[in-house]
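For chain A, the structure is supplied; the task is to place chain D on it using the hints.
Each chain, written out:
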Amino acid sequence: MSLDNEKLLEIYRKMLLVRTIENTHSRLLKEGKIHVNAHLGTGQEAVSVGVTGPLRKDDILFGTHRGVGEYIGKGMSPKDIWLEYLGKKTGPCKGKGTQHLADRKNNIPGLAACLGSDFSMAVGTSLAAKMRHLDQVTLFFVGEGACNEGDANPSMCMAALWNLPLVFAVCTNQFCEMSYMREHFPTEDVAPRAAGYGIPYEIVDGQDIDTTYEAARRAVEHARSEKGPYMLEYKTFRMAPHHSGDTARYVRQEDLDEWGKRDPIDLCQQKIFDRKILSPEEDQKLRDAVRTEVSQALTEAFAAPDPKLEDLFEDVYAQREVG
Amino acid sequence: MARKITYLKALNEAMAEEMRRDSTVFVLGEDVRMGVFGQTTGLVGEFGEGRILNTPIAENAIAGVAIGAAMNGLRPILELMFCDFVMLAMDQICNNLAQWRYITGNQYGLPVTIRTTVGAGFRSGYGHSQCLESQLIQVPGLILAEPSTPYDAKGLLKSAIRSEDPVVFFEHKKLLLGRVEGDVPEEDYTIPFGEAVIRKKGKDATVLAIGIMVHEALNAAQELAHEGIDIEVIDLRTIVPLDKDTIFESLEKTGRLITVEESRMRGGVGAEIAALACGDYFSLLKAPVKRVAAPMVPIAGSAVLEDLYLPNKDTIVRAVKRTM
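Chains as they are written, first to last, in my numbering: chain A, 1 to 323; chain D, 1001 to 1324.
Read the hints as simulated data drawn from the structure, not as lab findings.
Do not take every clue at face value.
Below 35 Å or equal to it, Euclidean Cα-Cα: the simulated DSBU-like pairs (lysine-lysine) are [what the hints assert, rightly or not]:
| # | chain 1 | residue 1 | chain 2 | residue 2 |
| --- | --- | --- | --- | --- |
| 1 | D | Lys1201 | D | Lys1286 |
| 2 | A | Lys130 | D | Lys1009 |
| 3 | D | Lys1244 | A | Lys308 |
| 4 | A | Lys33 | A | Lys308 |
| 5 | D | Lys1200 | D | Lys1004 |
| 6 | A | Lys89 | D | Lys1244 |
| 7 | A | Lys261 | A | Lys285 |
| 8 | D | Lys1004 | D | Lys1286 |
| 9 | D | Lys1173 | D | Lys1203 |
Pulled out of the complex, with its shape left as it was, chain D reads as follows:
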């Protein structure tokens, strides 16, 4: 039976259900007993302070704690409050967490889930607003997931917690705080990594979007429909692994590709996908690949500048038209 719940609630349920199911799962992070955005709020009541662990403010070190706990039989869910703060833990995440299975010859896999928030629009300035997913694309050994709906939030987080591989899980603040609701079954389910989903079928162009940008792309689709342009909107759901099959099948049909992300343009997720398309699917392309992403500037505190910085429905519409 499905009911409507928020994105926030979906994440909370995923953690609670997995903690009930598996006694080795626990949550650690800064202020997780309270829950800064609310994802972990209330868990301490059911699971106690022993399994919902407030940590000191020391991102790299608490990432190391999660790694150590995973080395010794536990499945930590580590919350790093903002992805801007993830940068403080890059040594542990990129050098150690991601590569430990490999460099120990499969003796020590690390089933760690790192949850973090991304996204601008809250007038929070340069260091609490970024989308830095693409910083992690270069690292072998990580799974990168970014759900855009409550259904995906719950299913992907459950998969992350059960995964034998480390997962970095990105939650957009607009989805968390915007009370975004969606149908979520009461029954247990998971979503496999590497399976994108087509949010809207279309024949003229393929728009690949991540996280919050899926919603902007769907708005763009409505506007473009009025002008007779029928786009296909694909929600990637996981950046690594990338669902190449779905991208290929869509491009076979449309021949036009537009990537959409809130992270910055240079070396972004879109750059990787554009390179894939130009390298492997060149014969399918009827037009140059277009990337919609944030510009290569910091995020200003000014509301005016922040709004100008963000990709949105309008920038997607313009990019699609340029491929026509």
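Isolated chain A (complex conformation):
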């Protein structure tokens, strides 16, 4: 099934936003204008924006530290992302989370610093949704590397045991931090682990937006209709290093060349042209508008106030100062 034209254009725009924000982040780091490390998701945009596409605003998302894609996908504004990445007082986390983004407006409860710790938090949010009879799905989006963390298996176990409205989506980008996946996994795939708990799973192409979105739609629909958890695994390739300080010497050039031929934004652009949604000129205008939006948001964020001394001691506890 293909996305309708309006939806495709919306998703395309979001993918452009994501890449522009990430490229800008990378440039700012080189210029010494930002401190927070960049874990870029270049080449994974069809996964991160596609998987979050079918979510409603009141659905819950747990993202990754390579998370601009899924956060934009869920509805976060570029300005909120910049405010937080710049550690500003007016950021959604008041500059205290920075790369550990949380945004209550969009039902994004945050990102655990230790990979995979939020596996079980997603079980908790979906358990609460079930106990409170909410019509709400939790999407737990994670890289394959974090699936070897201790909470992964009991989380799949509990999600199945309690029949929770929870979608596990693994973004298999071929790298676990600074090694190839094959050095961490005896298997090519992660998702079949779900079968051990009776959770249905699908393994899908992560480059084509129609495929990524449609798989997520099926998974979210499954979870929403009280059929229990669902596991997706998206096959993609991380075109960026693990983080901005990583020289990525371990990455083989032939892999970059091969996967580069199926860049998700290029593929989506071709669909846009094939379906005559935009002309090349209109496409250029859209790209210019996206660049302007990102740079305006950045300018505004730079102008926002930094936190002060009193902010250091605020929010440790709900009310009083506890010594």
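Structure of chain D alone, referenced to chain A:
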């Protein structure tokens, strides 16, 4: 109207009453439907399996479940059977639960109560006997409570469940299993965090004790009284927040400080309080601060070695005398 009930019953009542009062409160943990020591026994009959949730044996993950449930509008009471097992959940407790309010800029506070048991004396060996409260002192964002009486057990647990902040709640196995009884009102009440209580007034030395050690300190007070030494016994009730005012006022009077805990000496609660006293109240001190705590060794399975390991009335008496 007060009646005498056990420490165990007080905890059970606190949970039952809070679950009746607030539909967002629920209990989860390993074997909580049965109740390993009895704290949660019977709750499933009134509240059903939907609110008394047996979990798989996966401490870090079930702590994460409690966190997630709190992110989404519930108030979980998580039981981690032994504090030795709490060590398996340190990532969730220390990195996430404690700090989430702060790192999300107050968007997500986590009203989670973690109940766990502490204490040796049951010949259970090294991994079911420890007192590890001090492992959590370093973490900002947590409340640490440890009641020594049925009255405090009920009042502090109710405060914990109603708290917007995460609380780790320590229950000593001797208080749970020893059928320790005390007066507990039938009416609803809570005990604020950070308010120590003076269990026995005295003028010669201040003995600050936690949990089960309050009882050992009271026994020591009786013995010392025969020798003309009149100690003040303070029950801290919460380790964080610490009631500095009560400590200060007592030290003003006595000038001598002895801390008593069943956890180990190095980096213990007593070390923190001794540092506070030496730093802020030095001019009040007439003698060096003494710490009574367990030695820096594992807890052996041997009954002989376990008894030698534990601080008790006698070690408190000796420590007090050394300050005189």
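Quiz item: Among all the numbered hints in the text so far, which are the ones the structure does not match?
Solution: 8
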